[in-house]
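Chemist: Listed here are the chains, written in short residue letters.
Number of protein chains: 6
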Amino acid sequence: MKIKVINPNTTLEMTKGIEHAAKSTARPDTQILAVSPKMGPVSIESFYDEYLSIPGVIDEVKKGEQEGVDAFVIACWGDPGLQAAREVTDKPVIGIAEASVYLASMLAARFSVVTVLPRIKTMLEDLVDSYGMSKRILNIRCTPLGVLDFERDPEGGMEALRQEGKRAVEEDNAEAILLGCAGMAEFADSLEKELGVPVIDGVVAAVKFAESIVDLGKKTSKLKTYKYPEKKEYVGVLENFGQIQSTIK
Amino acid sequence: MKIKVINPNTTLEMTKGIEHAAKSTARPDTQILAVSPKMGPVSIESFYDEYLSIPGVIDEVKKGEQEGVDAFVIACWGDPGLQAAREVTDKPVIGIAEASVYLASMLAARFSVVTVLPRIKTMLEDLVDSYGMSKRILNIRCTPLGVLDFERDPEGGMEALRQEGKRAVEEDNAEAILLGCAGMAEFADSLEKELGVPVIDGVVAAVKFAESIVDLGKKTSKLKTYKYPEKKEYVGVLENFGQIQSTIK
Amino acid sequence: MKIKVINPNTTLEMTKGIEHAAKSTARPDTQILAVSPKMGPVSIESFYDEYLSIPGVIDEVKKGEQEGVDAFVIACWGDPGLQAAREVTDKPVIGIAEASVYLASMLAARFSVVTVLPRIKTMLEDLVDSYGMSKRILNIRCTPLGVLDFERDPEGGMEALRQEGKRAVEEDNAEAILLGCAGMAEFADSLEKELGVPVIDGVVAAVKFAESIVDLGKKTSKLKTYKYPEKKEYVGVLENFGQIQSTIK
Amino acid sequence: MKIKVINPNTTLEMTKGIEHAAKSTARPDTQILAVSPKMGPVSIESFYDEYLSIPGVIDEVKKGEQEGVDAFVIACWGDPGLQAAREVTDKPVIGIAEASVYLASMLAARFSVVTVLPRIKTMLEDLVDSYGMSKRILNIRCTPLGVLDFERDPEGGMEALRQEGKRAVEEDNAEAILLGCAGMAEFADSLEKELGVPVIDGVVAAVKFAESIVDLGKKTSKLKTYKYPEKKEYVGVLENFGQIQSTIK
Amino acid sequence: MKIKVINPNTTLEMTKGIEHAAKSTARPDTQILAVSPKMGPVSIESFYDEYLSIPGVIDEVKKGEQEGVDAFVIACWGDPGLQAAREVTDKPVIGIAEASVYLASMLAARFSVVTVLPRIKTMLEDLVDSYGMSKRILNIRCTPLGVLDFERDPEGGMEALRQEGKRAVEEDNAEAILLGCAGMAEFADSLEKELGVPVIDGVVAAVKFAESIVDLGKKTSKLKTYKYPEKKEYVGVLENFGQIQSTIK
Amino acid sequence: MKIKVINPNTTLEMTKGIEHAAKSTARPDTQILAVSPKMGPVSIESFYDEYLSIPGVIDEVKKGEQEGVDAFVIACWGDPGLQAAREVTDKPVIGIAEASVYLASMLAARFSVVTVLPRIKTMLEDLVDSYGMSKRILNIRCTPLGVLDFERDPEGGMEALRQEGKRAVEEDNAEAILLGCAGMAEFADSLEKELGVPVIDGVVAAVKFAESIVDLGKKTSKLKTYKYPEKKEYVGVLENFGQIQSTIK
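One line per chain: the protein sequences are S, D, W, B, C and G, in this order. Using our numbering, read the first sequence as starting at 3 and increasing by one per residue. Using our numbering, read the second sequence as starting at 3 and increasing by one per residue. Using our numbering, read the third sequence as starting at 3 and increasing by one per residue. Using our numbering, read the fourth sequence as starting at 3 and increasing by one per residue. Using our numbering, read the fifth sequence as starting at 3 and increasing by one per residue. Using our numbering, read the sixth sequence as starting at 3 and increasing by one per residue.
A few of these clues could be false.
No copy is singled out in the list; a pair is fine if it fits within one copy or between any two copies.
[To be verified] Straight line, CA to CA, 27 Å or less: simulated DSSO-like cross-link-like pairs of lysine-lysine: (1) 64 with 195; (2) 229 with 25; (3) 233 with 25; (4) 233 with 40; (5) 25 with 195; (6) 233 with 65; (7) 195 with 40; (8) 25 with 64; (9) 137 with 65; (10) 224 with 18; (11) 64 with 40; (12) 40 with 4; (13) 221 with 64; (14) 25 with 221; (15) 229 with 18; (16) 137 with 25; (17) 233 with 18; (18) 137 with 64; (19) 229 with 137; (20) 64 with 229; (21) 221 with 195; (22) 4 with 25; (23) 65 with 40; (24) 233 with 137.
Keep in mind that the hints were calculated from the coordinates and are not lab data.
Bound-form chain S, shown alone:
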């Protein structure tokens, strides 16, 4: 099967890291297609970045329809555009935040998220609440680092995660740690060994869930909320987004 993993930001080094994580966990017969969109921000650290990454994400999902993709993973811990992506394809689309909280809830009774800049906290609180997980999440712990700091200085990034992860275990009594950014996959194993609790990277979780759902032959429900969007005119630099029904079926 072919799984398209979309890194919603345009930093290709990060996309490579995500690809590496995805491939390391995918089954031999699973083809991983890891991409960054053709438009949008180099990193996502605000509602502004989040929303502006979505056209690119949607564009990649639409292209995936012609690329023979069987399932999509949106590899940013805000799950940007997830519901819109489900509208433009009938293939399963999985967000890594979503996959992380569901996976964690099958392994641990209570858990904490460790993530990037403090300004992101409200966004993630509302996100996990929308997944019904508010009661299980003890804390969303922010580091002072931005998304690309983890690329530029992996050792510093690891140290920041280690510190907040330890606090999560000791102060929150977190029984699992969720890494709240797609660029943190490489730290998961070391952290898990150090902290003694499951440390969950959403990219690998989402890839495995995607494989499962494709195996099960399940597709996105097109009955109501996730029906294909109405075909209509789009203007300006987003003009091409008007072409919906014709390309998808």
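Starting from the known structure of chain S, fit chains D, W, B, C and G onto it as the hints suggest.
Modeler: Frame of chain S; chains D, W, B, C and G shown alone:
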């Protein structure tokens, strides 16, 4: 004062209707600047349209910073991009769904929304829930009409609203009716007379709230969640969105 | 238009402060009628005081019907008698706690309340929960001061608010501060400058919302919950409250 | 022990019915003191009536301190003034709505309330929600009858309860029925036989809980929320309410 | 009347303590039958112990049907098997956690639980949430002690409760303390004196509630959720549990 | 890898059906070990059956530790004993209800459950609420059939599911249907074709999730809630359950 009312879709006839509603309620010394974005869909009826309208909305908010705007209204009942808009300006930004539910809750104990196509229901349920209003909203009633149907055939639109509005009063016991689309302002007064309960158009509600907040001298909090976005590179057709801090301050 | 601002306690000095705040923000053509009831406590700092202030509040609302009042503001942060007041008039009635939380939620993602004695905390928690705002309110911070301490010793009051306000910003990460007592209006501007986040006084917020609602021509829904009360006999010192329908229509 | 059962309305016939119910269930050594306040409405069917009954309720609780009362029951299904009553005494105070929902939840997994006029529905919804029972309550069913209609025409009252009770069992699948008015005690046994599910009258429930709590030697916590109110001046017809601390201790 | 108090663990010394507490509060004409099951763990400190205590609890409830029992109390703060117990009898069955939270909510606005090992915290959080009491419970405070440590070393147990109880009052502002284990009854009075807030032992609370419900003539609703279980074959060491309908009616 | 699928009831025909479903979806290199416990009920249709199936479930999980099992699936839609099972092993344990709701939420915005006897409804409501899914589940629809009726009369079972499934789609607007019993796997494909929305069988969902989690190398967190149970004495027919730590590590 100058209030910029942004119709997130690109249908200028609808923008004119929104402008008309806004001006009819604004104070004499309030200047209404009603616009549609330079990019995006002609109507918003899905998560897809919603997210793809946001770049245009943000663009208009950013331009508003140089136009001497004192407050912004986002005139679509999904409040698209509201939180991002609050990041790129320190002027108040008000969504019409938000304004509607807060206004309604000061006039009625329980209420229902009447809106467009059924597929939109989930989106609006989650939206009002995010505003803490789930307990007060009895029902979200969809008509079979799309957004632009109300422009093309106002009589048919009025009839559809009348029917669902009556059901809301009789079956839900709704004590107020919220019109769940920015293009329904013209029907509010007639409906209110017929139904005997407050019928709330979000455009006028948001304009009045915007005037109030400007009078109070209040601005969006820039402490944490709504800080100006980090300056960073954007690529592709959204390239210009990288210019944040320089233009805004 | 004429807005009647009811200070539910009987301390006239405080009523004057409230009147001053209301007038400072009201439009030139808005007439502010600030009153204290003819009966009840000199301050409200318990459920006991709260409930015993309500007959006086209702009395003033009923008199307002003959005074040509267009809207009412209940100027105590417990919103005493708000729902009963909506029953005895069809003019809009706005509580300052209610106005505060709705205003704050249009300016800030998360906020804290700073208020009087610790015993009041439970009451305010339940109140903001009834407005659907529990998720947005980070903390309700009490000072050791009573309501009238802020009248007697404004400097001490300011210092107490400053301290708790700072803690709210630093420890809670509050992105706005709500002043949880009608007698704190005078401190709002200085605090806002010192703390760097919006500091919201409910009196001025409610007055502006009242103006807005009157401008919009909206009235309280009389369909069900807020119908005029059934006419019936009242006995004892509350005997006059039996006269309902006759005076109001 | 002595239990004071306060009927918050001033209709003495109804107080007698409540007294009769209370005595029929009280233990031989329990003295029931059933009273109506000296002030307030003849029936409670709105927020207006509810709030205006509270001064009389509080007055009776305060008098009870000198009458050697061991526990108080507030016999109206809105539990008017319950939290204030807990402030002015350290004896247990129990509301009949509160007692009803706790009793019901020990006997049945899901239940419905049957009560008086439709306008009361919102009030009761919010009340049971404040007791944490929203998930267990399937419906609040209103009859077209007012409180005193059940006194004037018991047969008509019984018929109305029977009809709504049947619908509750058949349509809601209610596993118990709660009688949402203190004047319905006399119908409970017949209804229970007819409907085949527990039918719960709050008056008898509250009396038994009061006996239990006195037996256990438990009193209202005076640590914080329910501390005695601050002593302060009261004016007008409520002047006497200023005398708090001196009479109570 | 006869109340059967079932200690779900098999430690007879603890059952005696529970019996002593129950008898000390029961009315003279109430017969207390305190038992431990014939099967199961010597203490309950995990989901494992909890679930494995349930067959024994159910067995004792079924036997109680032939022993002329009028009501049952399940004397473990996890309320193990409560809902199943309600299925196999029509007599009232009361859990001590349930009784504790309902009693506490009639005496105090907010409260904390003090209990045994930290691993139990999640279980109790979910339990009190299922009773609708999450908003009222400030904290669930664990001691490092196991259930039987309180039997073996009562002084050490008292000291642990004292310390956490004090923290609950001082740090949580708990207005009542709930003792989260059936073996803590003996400490309640001393703790209450020391802490100055109601300290609630669930065993005595449940016994008094059971007496009340029997007095009221109320039984478990057999309409739907708590109908007698379907008669069916059981195999292995639980074979005897297949005999349901025949023994119970 | 080896996945042990535990059918908590003792009906071997049903276990075979479950085994067949599990094998049909498992990867070629996954070994499915499908078993029924050595003790317990032939079907689970009440809290009584549910709790009495748990000792057998736990027993099979404990045996699995010596059988080289990599992950466990509990194949009953009440997820009986799930949290206890997580205590006695560090291998992942997945309930089919849990797997169903998480899978459904990745494919559909809103969904309904179709299940067996009406008495089960409360149990399932509470279960899905504990998974944070109350907002997404529109209805839990019961058929008049018991668990084994679907074994005895598959055509009648299919017809009952078809009818309730259609109502779920047409009346609830359910965008996916969850089959609320482990014995319904065989109907999923036909139903999905007829209803036009995803129809989710929990057994296959849980097996695929189990494979994913084993692939990811994740284990149950043993930090706090799911620590191995304290070793202690067990008596009576459950005596063998005292042997915990020694057998597991």
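Chemist: A separate judgement is required for each hint: does it hold in the structure or not?
Modeler: These are the hints, each one checked on the structure:
1. 64 with 195: Classified as between: cross-chain Cα gap 25 Å, same-chain 40 Å, threshold 27 Å.
2. 229 with 25: neither (31 Å within a copy, 33 Å between copies)
3. 233 with 25: Neither, since 36 Å and 32 Å both go past 27 Å.
4. 233 with 40: Both ways: residue 233 and residue 40 sit 23 Å apart in one copy and 19 Å across, limit 27 Å.
5. 25 with 195: within (22 Å within a copy, 34 Å between copies)
6. 233 with 65: within (17 Å within a copy, 29 Å between copies)
7. 195 with 40: neither (37 Å within a copy, 38 Å between copies)
8. 25 with 64: within (22 Å within a copy, 34 Å between copies)
9. 137 with 65: So residue 137 and residue 65 fail the 27 Å test inside a copy (38 Å) and across (33 Å) alike.
10. 224 with 18: Neither way: residue 224 and residue 18 sit 32 Å apart in one copy and 33 Å across, limit 27 Å.
11. 64 with 40: Cα proximity of residue 64 and residue 40: in one copy and across copies (13 Å, 23 Å).
12. 40 with 4: within (20 Å within a copy, 37 Å between copies)
13. 221 with 64: within (16 Å within a copy, 36 Å between copies)
14. 25 with 221: The answer is both: 23 Å in one copy and 21 Å across copies each meet 27 Å.
15. 229 with 18: Neither. Shortest intra-copy (32 Å) and inter-copy (30 Å) distances fail the 27 Å Cα cut-off.
16. 137 with 25: For residue 137 and residue 25, the Cα distance exceeds 27 Å both inside one copy (33 Å) and across copies (35 Å).
17. 233 with 18: between (35 Å within a copy, 23 Å between copies)
18. 137 with 64: Result: close neither inside a copy nor across copies, 35 Å intra and 29 Å inter.
19. 229 with 137: between (31 Å within a copy, 20 Å between copies)
20. 64 with 229: Within. Shortest intra-copy distance 14 Å satisfies the 27 Å Cα cut-off; inter-copy 33 Å does not.
21. 221 with 195: between (36 Å within a copy, 12 Å between copies)
22. 4 with 25: both (12 Å within a copy, 23 Å between copies)
23. 65 with 40: Both, since 11 Å and 24 Å are each at most 27 Å.
24. 233 with 137: neither (40 Å within a copy, 30 Å between copies)
Against the hints set out earlier in the document, violations occur for numbers 2, 3, 7, 9, 10, 15, 16, 18, 24.
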